[in-house]
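J.: Here's the letter readout for the chains.
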Amino acid sequence: MLCLLFLTGCAFDVLHEKQLSASFAPISGQGRTWTLNEDLDVSFEGTTYKTHLKKGTRWQEVGHIAQGDVYVTKDQIVTVEGSNIHEAQVVLSGESVVGCFLPVEGTFAPARKPVAVHFAQN
Amino acid sequence: MFVFKRLTQAIVATLCVFALSSCASGQKFSEMSSSMPKTPTGQGRIYIYRTSALGAAIQPSIKVDGEVVGSAVPQGFVYVDRPAGNHEISASTEVKRTLSLTLAPGDKRYVRMDVSFGFFAGHIYPVLVEPAEGEAAIKNLHYIGK
Numbered sequence: 035m036l037c038l039l040f041l042t043g044c045a046f047d048v049l050h051e052k053q054l055s056a057s058f059a060p061i062s063g064q065g066r067t068w069t070l071n072e073d074l075d076v077s078f079e080g081t082t083y084k085t086h087l088k089k090g091t092r093w094q095e096v097g098h099i100a101q102g103d104v105y106v107t108k109d110q111i112v113t114v115e116g117s118n119i120h121e122a123q124v125v126l127s128g129e130s131v132v133g134c135f136l137p138v139e140g141t142f143a144p145a146r147k148p149v150a151v152h153f154a155q156n
Numbered sequence: 087m088f089v090f091k092r093l094t095q096a097i098v099a100t101l102c103v104f105a106l107s108s109c110a111s112g113q114k115f116s117e118m119s120s121s122m123p124k125t126p127t128g129q130g131r132i133y134i135y136r137t138s139a140l141g142a143a144i145q146p147s148i149k150v151d152g153e154v155v156g157s158a159v160p161q162g163f164v165y166v167d168r169p170a171g172n173h174e175i176s177a178s179t180e181v182k183r184t185l186s187l188t189l190a191p192g193d194k195r196y197v198r199m200d201v202s203f204g205f206f207a208g209h210i211y212p213v214l215v216e217p218a219e220g221e222a223a224i225k226n227l228h229y230i231g232k
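Sequence order for the protein chains is A and B. Note that the numbering used here has the first sequence beginning at 35, numbered continuously upward. Note that the numbering used here has the second sequence beginning at 87, numbered continuously upward.
One chain only, chain B, in its complex shape (with noise of 0.2 Å):
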């Protein structure tokens, strides 16, 4: 029983660490943000962020319009300035799931990436939110964008 009791706590200690490894560690939005690029004229800008450290482990590549623009890291954000029309934000798990999304000149755009369990492995999925809830989100997240 004792044996029992001390593997387990190993186990936990052990889990803990990684998912606390796993986590995004660059710059916070709230130091970077005044000394962020403005949004080129014509253009809008889209974040994408993921709060959940469920399913550390799966941090697929986040696509945007097919192109890469970062990771699904837990307590990060990334954030890409695109021509105002129509966008398609996806990751890349074992099954892809997609939002389609418009954006108008000088629009801000939020999209959190949620966690869901799938049979074999969880999945990272984006979700379009209102605005205040992105602002509120992403300001104590860490920048990991390229």
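For reference, chain A alone in the conformation it holds in the complex (with noise of 0.2 Å):
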């Protein structure tokens, strides 16, 4: 029971999802749109938090980084959580979620592998 507090008590500094420098270009013009058609879980490379993507969800193409295609959308709340909590974008390659563009911090964070998108282009 005393380990388990102990774990809990120090979770917030251990969790550290990795992020790697991105460096983000914005897309001129209107980008691609598509609608998720199923919920989504995607895990993160350092943390044991998931970031959830919500069935119905709009999503609009923005920018680029070298990992891949930058999405965002007004229907969710985006965020990757290890010990801190940042907002987030999702990063699409082909068909795949590879992980999350963190505007503020201007980095990538990878996700542990990347999850298959089913979506209907808009």
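No false leads were mixed into what you were given.
Straight line, CA to CA, 20 Å or less: simulated EDC-like cross-link-like pairs of lysine to aspartate or glutamate:
id	chain 1	residue 1	chain 2	residue 2
1	B	K182	B	D151
2	B	K149	A	E139
3	A	K89	A	E129
4	A	K88	B	E216
5	A	K108	B	E219
6	A	K84	B	D200
7	B	K225	B	D193
8	A	K89	B	E219
9	A	K108	B	E221
10	B	K225	B	D200
11	A	K84	A	E72
12	B	K149	B	D167
13	A	K88	B	E219
14	A	K108	B	D193
15	A	K84	B	E216
16	B	K194	B	E117
17	B	K182	A	E139
18	A	K108	B	E216
19	B	K194	A	D109
20	B	K124	B	D193
21	B	K182	B	D200
22	B	K182	A	E115
23	A	K88	A	D73
24	A	K89	B	E216
Derived by calculation from the structure, the hints in this document are not laboratory data.
With the hints as a guide, bring the two chains together.
T.: Structure representation (structure tokens):
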């Protein structure tokens, strides 16, 4: 029990999601849009927290980083959570979520493994 | 046995009084919202609130970009207008846990201060919430800003 309490007390200091520096290039004009067809959970390297993406949310392409295309939505809050919480934008490569772009930090948080996305192009 | 029961009742009553006295008592959002100033052009508004009375004795300062804007008082809220761009919210408990968010002109962002248990004391930390959830939550909360 004491060990559990100890670990719980320290959890905030030990969960650091991996972050890689990323150079964001905004797109000019209207980007691609799509709607997510199913709920999706994305796990990130370095943290046990998952980011949940909701079925039916509409996503708009806003730019690119080296790891893929960056999408945002107005339909839900997206954060990456470790010791700290970061507002995030989804990064797609092909038809998989490969991680999140953290606009405040200007970094890329890689997913533990790419998650295939089932979506409808708008 | 009787003495133990009475002692327990006295402790519970004391804790209840303490918890209630630890809650915010300013004007409610629903009473003051119509008279609140408009957000200046080019800025957005961040509402920061705490509903939970759990760990009511722990009321750390709330910071936005390092500046203290109020305290995390149960049933209380504060709001700040900040230029569009990147911002960081934190509470100064034994462990600092920050929330980073973006703010667009005219935006309204809602941040809930949550409570969790630590090894020595509770932690209060900021969580970004959906606008609909934030709007509904602060209606009956009390203003505790400067």
